[in-house]
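Protein chains: 2
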Amino acid sequence: MSPGERPGEFDLIARYFAPMAGAGGLGLVDDAALLTPPPGCDLVLTKDALVAGVHFFPNDPPETIARKALRVNLSDLAAKGARPLGFLLGLGLPTDWREDWLATFASGLAADSALFGCPLLGGDTVRAGGPLILSITALGSMPAGTMVRRSGGKPGDLLYVSGVIGAAALGLHLIRDGDPPWSRPLSGDARAALISAFHVPQPPVALAEGIRLHASAAMDVSDGLIGDALKLAKASGTGLEIEAARVPLPLPGTPLPTLVARHRFLLDAVLTGGDDYQVLAAVPPDRASAFERAAQDIALPVTPIGRLTARGVRIHGFAGEDLSFGKPSFGHF
Amino acid sequence: MSPGERPGEFDLIARYFAPMAGAGGLGLVDDAALLTPPPGCDLVLTKDALVAGVHFFPNDPPETIARKALRVNLSDLAAKGARPLGFLLGLGLPTDWREDWLATFASGLAADSALFGCPLLGGDTVRAGGPLILSITALGSMPAGTMVRRSGGKPGDLLYVSGVIGAAALGLHLIRDGDPPWSRPLSGDARAALISAFHVPQPPVALAEGIRLHASAAMDVSDGLIGDALKLAKASGTGLEIEAARVPLPLPGTPLPTLVARHRFLLDAVLTGGDDYQVLAAVPPDRASAFERAAQDIALPVTPIGRLTARGVRIHGFAGEDLSFGKPSFGHF
Numbered sequence: 001m002s003p004g005e006r007p008g009e010f011d012l013i014a015r016y017f018a019p020m021a022g023a024g025g026l027g028l029v030d031d032a033a034l035l036t037p038p039p040g041c042d043l044v045l046t047k048d049a050l051v052a053g054v055h056f057f058p059n060d061p062p063e064t065i066a067r068k069a070l071r072v073n074l075s076d077l078a079a080k081g082a083r084p085l086g087f088l089l090g091l092g093l094p095t096d097w098r099e100d101w102l103a104t105f106a107s108g109l110a111a112d113s114a115l116f117g118c119p120l121l122g123g124d125t126v127r128a129g130g131p132l133i134l135s136i137t138a139l140g141s142m143p144a145g146t147m148v149r150r151s152g153g154k155p156g157d158l159l160y161v162s163g164v165i166g167a168a169a170l171g172l173h174l175i176r177d178g179d180p181p182w183s184r185p186l187s188g189d190a191r192a193a194l195i196s197a198f199h200v201p202q203p204p205v206a207l208a209e210g211i212r213l214h215a216s217a218a219m220d221v222s223d224g225l226i227g228d229a230l231k232l233a234k235a236s237g238t239g240l241e242i243e244a245a246r247v248p249l250p251l252p253g254t255p256l257p258t259l260v261a262r263h264r265f266l267l268d269a270v271l272t273g274g275d276d277y278q279v280l281a282a283v284p285p286d287r288a289s290a291f292e293r294a295a296q297d298i299a300l301p302v303t304p305i306g307r308l309t310a311r312g313v314r315i316h317g318f319a320g321e322d323l324s325f326g327k328p329s330f331g332h333f
Numbered sequence: 001m002s003p004g005e006r007p008g009e010f011d012l013i014a015r016y017f018a019p020m021a022g023a024g025g026l027g028l029v030d031d032a033a034l035l036t037p038p039p040g041c042d043l044v045l046t047k048d049a050l051v052a053g054v055h056f057f058p059n060d061p062p063e064t065i066a067r068k069a070l071r072v073n074l075s076d077l078a079a080k081g082a083r084p085l086g087f088l089l090g091l092g093l094p095t096d097w098r099e100d101w102l103a104t105f106a107s108g109l110a111a112d113s114a115l116f117g118c119p120l121l122g123g124d125t126v127r128a129g130g131p132l133i134l135s136i137t138a139l140g141s142m143p144a145g146t147m148v149r150r151s152g153g154k155p156g157d158l159l160y161v162s163g164v165i166g167a168a169a170l171g172l173h174l175i176r177d178g179d180p181p182w183s184r185p186l187s188g189d190a191r192a193a194l195i196s197a198f199h200v201p202q203p204p205v206a207l208a209e210g211i212r213l214h215a216s217a218a219m220d221v222s223d224g225l226i227g228d229a230l231k232l233a234k235a236s237g238t239g240l241e242i243e244a245a246r247v248p249l250p251l252p253g254t255p256l257p258t259l260v261a262r263h264r265f266l267l268d269a270v271l272t273g274g275d276d277y278q279v280l281a282a283v284p285p286d287r288a289s290a291f292e293r294a295a296q297d298i299a300l301p302v303t304p305i306g307r308l309t310a311r312g313v314r315i316h317g318f319a320g321e322d323l324s325f326g327k328p329s330f331g332h333f
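Residue numbers (this note's numbering), protein chains in the order written: chain A, 1 to 333; chain B, 1 to 333.
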């Protein structure tokens with residue numbers, strides 16, 4: 001290769017992607033990946049695409065773009081009660097892609113592939129000429145017949161969320177608005193933590209078994225908590241009730257929770273902003289303590305924020321008032 | 001929805017894609033697809049992405065774009081000896097997408113999904129702002145331990161191709177050049193057939209079992225016959241010998257085969273142009289007649305075009321002369 005020339009697709013694969021391929025990836029030199037399904041298991045497949053300028057910023061660090069692209073799929077697997085088996089990467093590069101960008105991207109992807117035990121099985125790289133686009137297909141498995149659907153919830157089931165809600169949405173506000181007035185009471189570390197939550201979600205991968213054993217319905221929270229909870233209730237044929245005061249907010253111990261409680265626009269961002277990649281799970285009351293114990297055992301916080309009801313939708317604000325939302329979830333589309 | 005307004009992602013899915021979802025697609029209302037692997041089978045996964053302006057023309061008929069996007073993946077499954085189980089669709093729409101375009105696209109996809117018994121399992125649709133981009137992940141299965149790799153060929157194995165080679169590459173020339181002098185001896189029907197081969201490949205899906213039972217190595221022919229054959233030989237650690245005069249050309253009985261034999265640039269297009277989506281298979285001599293019978297039984301032509309050798313690469317022209325190629329395969333990248 002002459003200086004300044006960029007490597008071809010096969011060189012790229014060999015140099016940057018083959019090292020993170022699992023055994024099924026066949027070194028990424030065959031046409032296809034081979035997967036021997038774990039005996040007695042069903043498979044779960046999910047595909048989430050990310051586009052530069054829509055789901056991340058073109059100048060975001062390449063390693064965080066890679067990690068986010070994988071993690072938004074891992075939250076779907078966790079929500080279905082599945083453990084990761086591997087993933088395929090579709091990569092549409094802009095015209096001005098650079099090899100050093102790709103090297104850093106691949107190192108971020110390799111780190112998360114190892115962290116989550118989710119090897120690269122295959123994929124396709126094309127020069128798309130538009131914005132950078134990433135389309136990952138992730139596979140997971142769980143014992144046959146145990147996938148957790150959206151539709152299994154019953155009136156009376158408690159609604160739990162994992163982790164915290166709203167960090168990424170507030171982080172996105174900080175990135176977009178620079179130094180907005182509401183953020184001034186926050187320390188530099190606190191702001192950095194919100195921004196980091198936008199760049200690198202923390203899907204509760206280890207919670208998959210607890211969800212599988214105890215949840216009646218589950219989904220990941222990606223488009224906004226309220227809108228996603230409405231989808232789960234609709235699929236389950238139930239109503240729902242959520243108490244905003246119980247929603248676990250980012251950065252407890254800082255002024256942030258008080259700010260969110262006082263400013264309706266911040267509460268809207270938290271409850272409808274999306275990009276959380278946590279899990280929303282409906283858990284029957286008689287499984288609630290077992291579910292909480294399962295989460296404690298892996299040091300992953302889960303919080304009951306409301307319940308499924310026979311019908312109707314009620315979202316209670318911090319003072320117990322009824323809240324309504326013009327746009328209960330974020331639409332990228 | 002007000003007149004002129006375009007539907008959101010969830011409406012699109014319900015209207016156009018849910019009807020072709022298999023049982024595992026869960027009506028496309030869940031986060032993920034569920035797949036119960038056939039007992040005793042391994043899975044094959046493949047992912048091929050197509051970009052407008054690179055792999056097809058933006059103004060190509062939407063139904064042929066859809067069919068090509070699925071078929072380029074089905075040829076990979078067939079080459080591995082796998083029968084299709086289903087697919088996931090990643091769709092990156094340009095800013096100016098129109099609902100009638102998408103409706104026609106979905107009807108083409110649904111037709112092929114039914115034709116090849118390959119249901120839609122899930123996917124993701126994003127508004128990407130660049131050229132239209134399609135990233136399909138297809139899954140297939142075959143009895144455990146029987147996937148046909150690129151790497152299993154041995155010196156002495158016969159090299160077979162399915163169908164004809166070069167039709168799409170010549171069709172692309174017709175589309176790009178309009179009415180090139182070489183094409184004047186061809187009838188209008190003959191030209192239309194070449195163009196149609198570019199738009200809608202004919203992957204030999206039904207040949208999967210014959211390949212699985214009799215081939216030592218196989219791959220699909222997508223980047224050009226010569227380059228792809230070199231990849232198979234390299235993976236198998238062999239050399240190869242191909243006789244151009246034996247390569248099955250499109251439109252036998254028309255002036256085309258004579259034209260290809262006379263004009264080196266046409267022969268180059270045929271042998272290195274790609275977009276064939278046929279299968280190249282190495283078959284041990286003692287399996288050759290069984291392989292040919294398996295193909296006859298499903299009325300799918302296969303043709304021996306050469307053999308794997310201990311070392312070296314020889315491509316014989318129509319007069320037996322040695323051919324060499326500056327660029328043995330087409331690089332989209």
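Quick caveat, the hints were computed from the structure, so don't treat them as lab data. Computed from a predicted structure; not experimentally measured. In this text, a Cβ means the ideal position worked out from N, Cα and C, and glycines have one as well. A couple of the hints might just be wrong.
[Stated by the list, open to error] Which residues of chain B face chain A? A few of them, derived with a C-beta cut under 8 Å, are: (1) D30; (2) K47; (3) V164.
| Broken hints, by number | 3
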